[in-house]
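Trainee: First residue of the sequence shown? That's 1 in UniProt numbering, and the numbers climb one at a time after it.
Because the hints were derived from the structure by calculation, they are not lab data.
Do not rely on the hints blindly, as some may be mistaken.
[What the hints assert, rightly or not] In silico DMTMM-like pairs for lysine to aspartate or glutamate, Cα to Cα no more than 20 angstroms straight-line:
#1 K98 x E178
#2 K199 x E178
#3 K104 x E178
#4 K143 x D193
#5 K180 x D195
#6 K127 x D77
#7 K42 x D11
#8 K127 x E162
#9 K98 x E162
#10 K14 x D24
#11 K96 x D86
#12 K66 x D151
#13 K96 x D193
#14 K98 x E129
#15 K143 x D195
#16 K143 x D86
#17 K35 x D83
#18 K96 x D77
#19 K143 x E89
#20 K127 x D151
#21 K14 x D70
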Amino acid sequence: MTEKDTKIPKDPEKITRIMTNALDEFAHHGYRGTKTANIADKAAVSKGIIFRYYGNKAHLYLATVKYATDHIMAVADYRVWQDSQDLGEMIANATKYKIQLQLKYPEEFKVLLDAYAEVGDAPAPLKHEIAQFYAQQTSGNIKALIAPVLDRLAIRDDVSRESIQNLMMGMMTQIGAETKAFMQKHPQASLTDFDTIIKHAKQYVTILEHGFLKKS
C-alpha cells in the first residue's frame with residue numbers, strides 16, 4: 001500500500017482541517033469505528049475531497065499517524081535526550097518527558113500508541129506499513145538522540161560508536177516488543193503504567209554500559 005498520489009492539487013487549509021478532525025476521530029473511535037463522513041462534516045469538506053486527497057480510509061489513517069508523529073516531533077525538546085550525562089539518565093529523562101507530552105497531547109499519543117502496539121482494528125496490510133514507518137523513524141532518531149550523549153562518555157578504544165548504536169537499536173526493539181505485548185493486554189494503558197518496562201530499559205542500559213560479569 002502506498003500513499004495517495006501527491007500530484008493532485010490540495011488545499012492546505014482543507015488538509016489541516018481534515019487532519020485535525022481525523023486525529024480526533026481515530027483517537028476516540030479507532031480505525032473501524034471512525035467514519036470518514038463524520039471527518040468530512042467536522043472538517044467542512046465533502047467526503048469526495050477526502051477520497052480525492054487520500055484515496056481510501058487506510059491511506060487517511062496512515063496520513064493521520066504521520067501527522068501525529070510530525071506534530072510531536074515538532075514540539076519535542078530533544079535536549080531532554082541530548083543533554084543527558086549518560087544513557088541511563090537519558091532513559092529516565094526521556095520517560096518522564098514523554099509522560100508530560102502525553103498529558104499535553106493525548107489524542108496524538110492515543111493514535112500513535114494504538115498504531116505502534118498494533119492493538120487497533122486496522123487491516124493487516126496497513127499495520128505492516130505503519131510498522132515499517134515506525135522502524136524507519138526509530139532508526140534515524142536513535143542515532144541523532146544518543147550521539148551527543150556518547151560524545152560525553154569514556155568509551156573504550158576497541159568499541160566503535162556504530163556497535164553501541166546497533167546495541168541500542170536492539171535494546172529498543174526489545175523494549176518495543178515488551179511494549180506491544182503489554183498494550184495488547186492493556187489497550188487503555190498510558191505511559192504512566194509502564195513502570196516495569198521502564199525498569200527493564202534502565203537495566204538493559206546498565207548492562208550495556210557496565211556488562212553483566214562480576215568485577216574480579
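Trainee: Decide, hint by hint, whether the structure agrees.
Mentor: Consistency of the hints with the structure:
{"no.": "1", "hint": "K98 x E178", "in the structure": "holds (17 angstroms)"}
{"no.": "2", "hint": "K199 x E178", "in the structure": "holds (12 angstroms)"}
{"no.": "3", "hint": "K104 x E178", "in the structure": "violated (25 angstroms)"}
{"no.": "4", "hint": "K143 x D193", "in the structure": "violated (27 angstroms)"}
{"no.": "5", "hint": "K180 x D195", "in the structure": "holds (15 angstroms)"}
{"no.": "6", "hint": "K127 x D77", "in the structure": "violated (28 angstroms)"}
{"no.": "7", "hint": "K42 x D11", "in the structure": "holds (16 angstroms)"}
{"no.": "8", "hint": "K127 x E162", "in the structure": "violated (30 angstroms)"}
{"no.": "9", "hint": "K98 x E162", "in the structure": "violated (26 angstroms)"}
{"no.": "10", "hint": "K14 x D24", "in the structure": "holds (15 angstroms)"}
{"no.": "11", "hint": "K96 x D86", "in the structure": "holds (16 angstroms)"}
{"no.": "12", "hint": "K66 x D151", "in the structure": "violated (31 angstroms)"}
{"no.": "13", "hint": "K96 x D193", "in the structure": "holds (12 angstroms)"}
{"no.": "14", "hint": "K98 x E129", "in the structure": "violated (24 angstroms)"}
{"no.": "15", "hint": "K143 x D195", "in the structure": "violated (25 angstroms)"}
{"no.": "16", "hint": "K143 x D86", "in the structure": "holds (15 angstroms)"}
{"no.": "17", "hint": "K35 x D83", "in the structure": "violated (43 angstroms)"}
{"no.": "18", "hint": "K96 x D77", "in the structure": "holds (13 angstroms)"}
{"no.": "19", "hint": "K143 x E89", "in the structure": "holds (17 angstroms)"}
{"no.": "20", "hint": "K127 x D151", "in the structure": "violated (36 angstroms)"}
{"no.": "21", "hint": "K14 x D70", "in the structure": "holds (18 angstroms)"}
Hint compliance for this structure: hints 3, 4, 6, 8, 9, 12, 14, 15, 17, 20 are not met, and every other hint is.
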